[in-house]
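Visitor: Produce the complete structure using the sequences and hints provided.
Going line by line, the protein sequences match chains E and F.
For the first sequence, the working numbering assigns the number 1 to the initial residue and increments by one for each residue that follows.
For the second sequence, the working numbering assigns the number 1 to the initial residue and increments by one for each residue that follows.
If you're looking for bench data, these hints aren't it; they were derived computationally from the structure.
Since we're looking at a predicted model, the values are computed, not measured.
Watch out, some of these pointers could steer you wrong.
Below, in silico cross-link-like pairs of lysine to aspartate or glutamate (EDC-like), each with a Cα-Cα straight-line distance of 16 Å or less [to be verified]:
(1) E:K166 <-> F:E22
(2) F:K77 <-> E:D28
(3) F:K6 <-> F:E42
(4) F:K77 <-> E:E24
(5) F:K77 <-> E:D50
(6) E:K61 <-> E:E73
(7) E:K166 <-> F:D18
(8) E:K61 <-> F:E81
(9) E:K166 <-> E:E139
(10) E:K166 <-> E:E153
(11) F:K77 <-> E:E25
(12) E:K61 <-> F:D219
(13) E:K166 <-> E:E156
(14) E:K166 <-> F:E14
(15) E:K166 <-> E:E136
(16) E:K61 <-> E:D19
Label-pair ranges, simulated between beta-carbon atoms [said to hold, decoys possible]:
(17) E:G163 <-> F:E136: 46 to 52 Å
(18) F:R49 <-> E:D19: 28 to 34 Å
(19) F:D9 <-> E:G181: 27 to 33 Å
(20) F:A46 <-> E:D121: 26 to 32 Å
(21) F:A187 <-> E:A124: 46 to 52 Å
(22) F:T186 <-> E:D178: 42 to 48 Å
Covered, in the sense of this in silico footprint (three residues per stretch, anywhere, with C-beta under 8 Å from a C-beta of chain E), are these stretches of chain F [to be verified]:
(23) 48-61
(24) 68-79
(25) 163-171
From the three backbone atoms N, C-alpha and C, an ideal C-beta is built for every residue, glycine too.
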Amino acid sequence: MRRVTSDSPTLLQRIASGDAGAIEEFVDRYGGWVLSLAKGYVHDIELAEDATQEVFIEVWKNADRYDPAIASEATFVAMLARRRLIDAHRRSERRPRIEAVEPESVGQSDDGGIDGVDLRDEVARANDALSRLKPEQRELLKMWVVDGMTHGEIAELTGHPLGTVKSHLRRGLVRVRDILGTAGEGVSS
Amino acid sequence: MTDDQKREDRARDERYLDLALERAGQGLDPPEAADFERLAAEAPSASRREAASYELTAAQIHFASLRPLPLRADLRKEIVEDGVASLGDPAVAASRPTWIAPFHWLGWVAAAAALLFAFSIERSEPESLSTAARVERLASAPDARTLPWSATEDPAAAGASGDVVWSTERQAGFMRIRGLAPNDPTAAQYQLWIFDATRTEENSVAGAGAIPVDGGVFDVTAGELVVPITPKLPVGQPTLFAVTVERPGGVTVSRQERIVLAAAVD
Numbered sequence: 001m002r003r004v005t006s007d008s009p010t011l012l013q014r015i016a017s018g019d020a021g022a023i024e025e026f027v028d029r030y031g032g033w034v035l036s037l038a039k040g041y042v043h044d045i046e047l048a049e050d051a052t053q054e055v056f057i058e059v060w061k062n063a064d065r066y067d068p069a070i071a072s073e074a075t076f077v078a079m080l081a082r083r084r085l086i087d088a089h090r091r092s093e094r095r096p097r098i099e100a101v102e103p104e105s106v107g108q109s110d111d112g113g114i115d116g117v118d119l120r121d122e123v124a125r126a127n128d129a130l131s132r133l134k135p136e137q138r139e140l141l142k143m144w145v146v147d148g149m150t151h152g153e154i155a156e157l158t159g160h161p162l163g164t165v166k167s168h169l170r171r172g173l174v175r176v177r178d179i180l181g182t183a184g185e186g187v188s189s
Numbered sequence: 001m002t003d004d005q006k007r008e009d010r011a012r013d014e015r016y017l018d019l020a021l022e023r024a025g026q027g028l029d030p031p032e033a034a035d036f037e038r039l040a041a042e043a044p045s046a047s048r049r050e051a052a053s054y055e056l057t058a059a060q061i062h063f064a065s066l067r068p069l070p071l072r073a074d075l076r077k078e079i080v081e082d083g084v085a086s087l088g089d090p091a092v093a094a095s096r097p098t099w100i101a102p103f104h105w106l107g108w109v110a111a112a113a114a115l116l117f118a119f120s121i122e123r124s125e126p127e128s129l130s131t132a133a134r135v136e137r138l139a140s141a142p143d144a145r146t147l148p149w150s151a152t153e154d155p156a157a158a159g160a161s162g163d164v165v166w167s168t169e170r171q172a173g174f175m176r177i178r179g180l181a182p183n184d185p186t187a188a189q190y191q192l193w194i195f196d197a198t199r200t201e202e203n204s205v206a207g208a209g210a211i212p213v214d215g216g217v218f219d220v221t222a223g224e225l226v227v228p229i230t231p232k233l234p235v236g237q238p239t240l241f242a243v244t245v246e247r248p249g250g251v252t253v254s255r256q257e258r259i260v261l262a263a264a265v266d
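Guide: This is the structure in structure tokens:
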């Protein structure tokens with residue numbers, strides 16, 4: 001399924017076409033989110049700031065690959081940021097144990113502190129999709145995506161067989177995807 | 001298609017989607033990533049869409065769990081400066097490489113290693129204080145290495161010098177380059193390759209040891225150049241950094257006809 005998009009170019013599309021004016025707006029919109037994501041992986045704020053800067057370099061390099069028909073800008077940025085942060089931590093041979101900046105249950109957050117109607121909508125839609133899962137499935141997804149636990153760690157913690165954990169996660173992820181209408185076309189590995 | 005072939009196809013598809021799920025959550029180690037990419041090349045388009053949707057959905061879920069943090073003004077300024085500097089940078093067109101691993105690259109590993117300690121670098125103030133601060137900060141990372149460039153006999157490299165600062169833990173680095181001949185971006189560009197000892201054999205056509213990861217393309221103008229290194233793939237154990245001259249936009253398979261700089265990891 002491809003997303004319905006407006007005719008006006010997104011910030012990333014403007015950046016990809018050389019519009020320097022869109023850069024500040026883009027950084028103001030997503031900088032705090034990327035820093036929050038990085039802080040969850042590296043814990044130390046100075047390292048998180050370095051990582052944030054590196055994530056944005058990755059974003060600038062890939063701006064021309066962004067297709068609003070496939071994903072929102074927020075999802076695109078989060079995907080690039082997660083790739084880079086996860087890879088960096090795997091290289092350091094530390095499991096990417098993620099520390100929430102503000103402990104909060106996935107699927108239950110309010111909109112406080114979120115700047116911009118589009119982002120509020122993005123967060124609300126994702127949380128709504130998560131809220132439609134069974135509580136256990138939602139919790140498993142949180143452990144895996146947000147807390148950075150491996151399948152094996154989740155199996156050990158919950159007492160479920162490894163295969164059961166994998167199938168729960170996959171089913172939960174697919175359910176959220178289907179509710180959100182997330183496309184997979186055109187995403188390069 | 002026989003029943004055995006169908007079973008094999010199903011097994012490959014299941015393995016591919018299993019890896020896609022792992023990748024969406026905790027990422028893959030280099031052998032798994034290589035396996036994933038190999039399977040992706042063979043997977044039907046429906047499976048590739050399925051695999052991609054896992055990563056996108058995980059990103060959406062993760063994003064929704066976050067609360068933005070305030071960005072320091074000077075960090076914001078640096079990020080914006082990076083963005084402005086990237087506009088029009090052909091590095092954005094750099095694509096993921098495959099590589100015909102040439103035997104004579106191994107000679108360059110040895111040559112660069114031999115020159116490692118004989119090479120002296122004249123230090124000067126980098127062009128941007130914020131960039132300099134970033135380089136120094138990376139250089140102070142516990143695992144960071146600073147490796148001097150060895151210029152080859154290519155005419156473009158005459159008198160070239162500088163170094164590479166690299167941190168495997170951070171998966172980031174910088175090239176500092178002086179004296180490399182300016183290029184005409186419409187005719188040719190420089191391209192960085194990072195040879196990774198953890199990427200061997202399986203993807204190497206020649207089977208000649210470490211496989212290079214694309215470090216991106218860049219242009220040289222007059223004066224000292226500081227180029228951030230953001231490899232397209234994780235680099236596990238770098239053995240050699242090398243700069244080649246390639247067509248505009250870079251290449252996915254280098255013919256290594258013009259090698260201008262090399263820096264070996266001792």
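Visitor: Now tell me if each hint is right for this structure.
Guide: Comparing the hints with the structure gives:
1. Taken as a hint, the K166 (chain E) and E22 (chain F) pair is honoured in the structure, with Cα atoms around 9 Å apart against an allowance of 16 Å.
2. A distance of roughly 11 Å separates the Cα atoms of K77 (chain F) and D28 (chain E); the hinted pair therefore holds under the 16 Å criterion.
3. Among the hinted pairs, K6 (chain F) with E42 (chain F) is consistent with the structure: their alpha-carbon atoms are about 14 Å apart, no more than 16 Å.
4. Distance check on the hinted pair: K77 (chain F) and E24 (chain E) sit about 9 Å apart at the alpha-carbon level, within 16 Å; holds.
5. The hinted pair formed by K77 (chain F) and D50 (chain E) meets the criterion: a straight-line CA distance of about 13 Å does not exceed 16 Å.
6. Distance check on the hinted pair: K61 (chain E) and E73 (chain E) sit about 15 Å apart at the alpha-carbon level, within 16 Å; holds.
7. At roughly 9 Å between alpha-carbon atoms, K166 (chain E) and D18 (chain F) fall within 16 Å of each other, so this suggested pair holds.
8. Between K61 (chain E) and E81 (chain F), the direct Cα distance comes to roughly 14 Å. Compliance with the 16 Å bound is thereby established for this hinted pair.
9. For the proposed pair K166 (chain E) and E139 (chain E), the alpha carbon gap of about 13 Å is at most 16 Å, so the pair holds.
10. For the hint linking K166 (chain E) to E153 (chain E), the alpha-carbon distance of about 12 Å falls within 16 Å, and the restraint holds.
11. Using a Cα cut-off of 16 Å, the hinted pair K77 (chain F) and E25 (chain E) holds, with the two alpha carbons roughly 12 Å apart.
12. Our distance criterion of 16 Å between C-alpha atoms is met by K61 (chain E) and D219 (chain F), whose separation comes to about 15 Å.
13. Between K166 (chain E) and E156 (chain E) the alpha-carbon distance is near 13 Å, which keeps this suggested pair within the 16 Å criterion.
14. The suggested pairing of K166 (chain E) with E14 (chain F) holds, with an alpha-carbon distance near 12 Å, which does not exceed 16 Å.
15. Proximity of K166 (chain E) to E136 (chain E) is assessed by CA-CA distance (about 13 Å); at most 16 Å being required, the pair is judged to hold.
16. Of the pairs offered as hints, the one joining K61 (chain E) and D19 (chain E) holds, with about 14 Å between alpha carbons and a cut-off of 16 Å not exceeded.
17. Our hint of 46 to 52 Å for G163 (chain E) and E136 (chain F) holds, since their Cβ atoms are close to 49 Å apart.
18. Remark: the range hint 28 to 34 Å for R49 (chain F) to D19 (chain E) is upheld by a beta-carbon distance near 31 Å.
19. Between D9 (chain F) and G181 (chain E) the beta carbon distance is about 29 Å. The supplied range of 27 to 33 Å therefore holds.
20. Remark: the range hint 26 to 32 Å for A46 (chain F) to D121 (chain E) is upheld by a beta-carbon distance near 29 Å.
21. In this structure the hint that A187 (chain F) and A124 (chain E) lie 46 to 52 Å apart at CB holds, the actual value being about 51 Å.
22. Distance hint check: the CB atoms of T186 (chain F) and D178 (chain E) are about 47 Å apart, consistent with the given range 42 to 48 Å.
23. Using a Cβ-Cβ cut-off of 8 Å, 14 residues of the region 48-61 of chain F lie near chain E, which meets the minimum of three, so the contact claim holds.
24. Evaluation of the coverage hint for the region 68-79 of chain F: fulfilled, as 9 residues show C-beta separations to chain E shorter than 8 Å, against a requirement of three.
25. Check on the region 163-171 of chain F: 4 of its residues sit with their Cβ under 8 Å from a Cβ of chain E, so the three-residue criterion for coverage holds.
Taken one by one, the earlier hints all hold for this structure without exception.
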